[in-house]
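Engineer: Working from the sequences, and respecting the hints, build out all of it.
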Amino acid sequence: MTYHFDDFCVDTDRREITGGGQMLRAEPQVFDLLVLLISNHHRFITKDELLEKIWRGRFVSESALTSRIKSLRQLLGDNGQAQKVIRTLRGKGFRFVADVKMVAPAKGSGDGEILDIGAEKDKGQSAPSIAVLPFDLIGDPEKVPAIGEAIPRELIASLSSLRWLKVIAQGSTFRFRGSGTDVRQLGDILGARYCLTGSVEILAQDVVIDVELSDTRTAHVVWAMRKQARLDRLQELRAEIVAHVISVAELEIPQHEAARVQFSDASNLDAWSAMHVGLQKIYQFSGQGNLIAKSMFERAIALEPTLGRAHAGLAFVHFQAGFMRYEDDVEKQRLAALRAAERAIELQPRDPFANFMMGRCHWLDGDTEGGKPWFERATQASPNYALGYYGASWANIFSGDYDTGMANTDRALSLSPLDPMRPGMTGGKMWVNIARENLPEAVKWAEIAAHSPGAHAGMAVFAAMSHWLNGDAPNSARWLTEAKRRNPQLAYHSLERLVPASHAEFHGLVRRFSDRVGL
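Heads up: the sequence shown is residues 920 to 1438, going by my numbering.
It should be emphasised that the hints constitute simulated quantities derived from the structure, not laboratory data.
Incorrect hints may appear among the rest.
[To be verified] Listed next, the in silico EDC-like pairs over lysine to aspartate or glutamate satisfying Cα-Cα at most 20 Å (straight line): (1) K1085 with E1131; (2) K1020 with D925; (3) K972 with D1101; (4) K1011 with E981; (5) K989 with D951; (6) K1011 with E946; (7) K1251 with E1261.
[Said to hold, decoys possible] Label-pair distances were calculated between CB atoms; the ranges are: (8) R1431 with Q1203: 25 to 35 Å; (9) G1437 with R1149: 56 to 66 Å; (10) E971 with T931: 34 to 44 Å; (11) H1412 with F963: 45 to 55 Å; (12) G1319 with L1210: 30 to 40 Å; (13) E1217 with K972: 37 to 47 Å; (14) P1359 with G1437: 21 to 31 Å; (15) E1401 with A1065: 46 to 56 Å; (16) T1400 with Q1207: 20 to 30 Å; (17) A1076 with Q1203: 26 to 36 Å; (18) Q1203 with K1011: 29 to 39 Å.
In this text, a Cβ means the ideal position worked out from N, Cα and C, and glycines have one as well.
Structural biologist: So this is what it looks like as structure tokens:
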């Protein structure tokens, strides 16, 4: 790897520095210090980190570091006053600030390509981006010679359907291979915040596929998966892996981005960071979390008005405020949700989340049929989008198409088994079994829904109702007590919006149960 800045070239393999066409002599620790600063040019490095990585845990005083910094500045024609190359953050650390170009390794023979990496000093200030590398082949690759590139190509195409995520083209990423790739350097070369690598191992008639998602800023693994199957199931396995990766991109990446943000500094967040905090907070399913999410989406939109997914997030907030009765004026929230969803569609018409929210807005005005085309658009835009199938399942169930509703529910759960919307997904199975008068099965799915993380008080009421229908008064009373614990102000008016009026039978059932238990 070689770095170029000003009139200097740093070759990390040969451990050489040239300036003005002349070879420059540098002590080993001075060279290591330069490479560490350049490779982390997008951030300040603390003194503690420099001491740890340069001296590898040996105890030295800060004066040793000060001496090496001074030597490095002299070598580069810099000084403590000008700080054209190395900037000091007094009392904290240092940062390399000169514009840098890096020579990327060539694929095969030939010269590498010089890429400008100085234009994006901080990858955290832009939309998340991901590089999908070709998978390594282990074992007997002759049985499936193309699989190492076939799966990544499919992943690139599928991830590209998520309009909020930048996906690096295969023409750049396929110059690298998974094993032995330094994800930090890859992040600098390609401007990617995340890197997806994998391997395909052929063992006799079995295939094992490993997939790993890493954060290029820290080289930490965000998520990993291993799948094993018979070789004749390889095509089925490919589809499973693509579906899982889409689910991870929709859920894990936003959660990971939000976790990196210091919320105490929320007033200083850029648009993308604010949006990710908002996406994290909406899935808390609480009034307070909803308010925080609203402020984050509004900040993101104020900073970047064309950020379509932030508008879709704001639609989610207003929908939730009306759906869960966080606000008394449901009609006001419905109209606000609809306006935000329409703006999201205008900005990003193929974003699956924006289409999902347009479909969901029809829930608040009881137009179950009106939501169906939007859920279909969401899954057409991203065939592995779990929320699209979830939305479609509820539209199907509450319009009496139970078979299609169950199929869509099963599809959503298979795509995202740990989804924050899991209570709603499993709750849909309860309603279908009530309609089919399979009450023991309805009780089973009602309890699964009510026990799921994030399940609201309404789910506990439905568990109580299922036991009541099944003739189990003690368990019905137990779940009703739990519902009131979750929401001490629980009353029928907070339940009626959970069941669309378009399904008169279900709506009437909730009313009869509420009257029976005094809600």
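Engineer: The hint says 37 to 47 Å between E1217 and K972; measuring C-beta to C-beta, is that right?
Structural biologist: 41 Å, holds
Engineer: How does the Cβ-Cβ distance of Q1203 and K1011 compare with 29 to 39 Å: does it lie in that range?
Structural biologist: About 34 Å separates the Cβ atoms of Q1203 and K1011, which means 29 to 39 Å holds.
Engineer: Taking the Cβ atom of H1412 and the Cβ atom of F963, is their distance within the range 45 to 55 Å?
Structural biologist: Between H1412 and F963, where Cβ atoms are some 53 Å apart, the hint holds.
Engineer: Has the hinted range 46 to 56 Å been met by the Cβ atoms of E1401 and A1065?
Structural biologist: 54 Å, holds
Engineer: Holds or violated: K1011 with E946, Cα cutoff 20 Å?
Structural biologist: 24 Å, violated
Engineer: Given the hint that K1011 pairs with E981, test it: the Cα-Cα distance must not exceed 20 Å.
Structural biologist: 12 Å, holds
Engineer: Given the hint that K972 pairs with D1101, does the C-alpha gap stay at or below 20 Å?
Structural biologist: Status holds; Cα separation ~16 Å.
Engineer: Note whether the CB distance of E971 and T931 lies within 34 to 44 Å or breaks it.
Structural biologist: Since E971 and T931 have Cβ atoms about 19 Å apart, the given range 34 to 44 Å is violated.
Engineer: Has the given pair, K989 with D951, been kept, meaning a C-alpha gap of at most 20 Å?
Structural biologist: 14 Å, holds
Engineer: Look at the Cβ atoms of R1431 and Q1203 and judge whether their distance stays inside 25 to 35 Å.
Structural biologist: Given range 25 to 35 Å: holds, Cβ gap about 32 Å.
Engineer: If you check the beta carbons of A1076 and Q1203, does the distance land in 26 to 36 Å?
Structural biologist: 33 Å, holds
Engineer: Would the hint linking K1020 and D925 be met if the CA-CA limit is 20 Å?
Structural biologist: 10 Å, holds
Hint compliance for this structure: hints 6, 10 are not met, and every other hint is.
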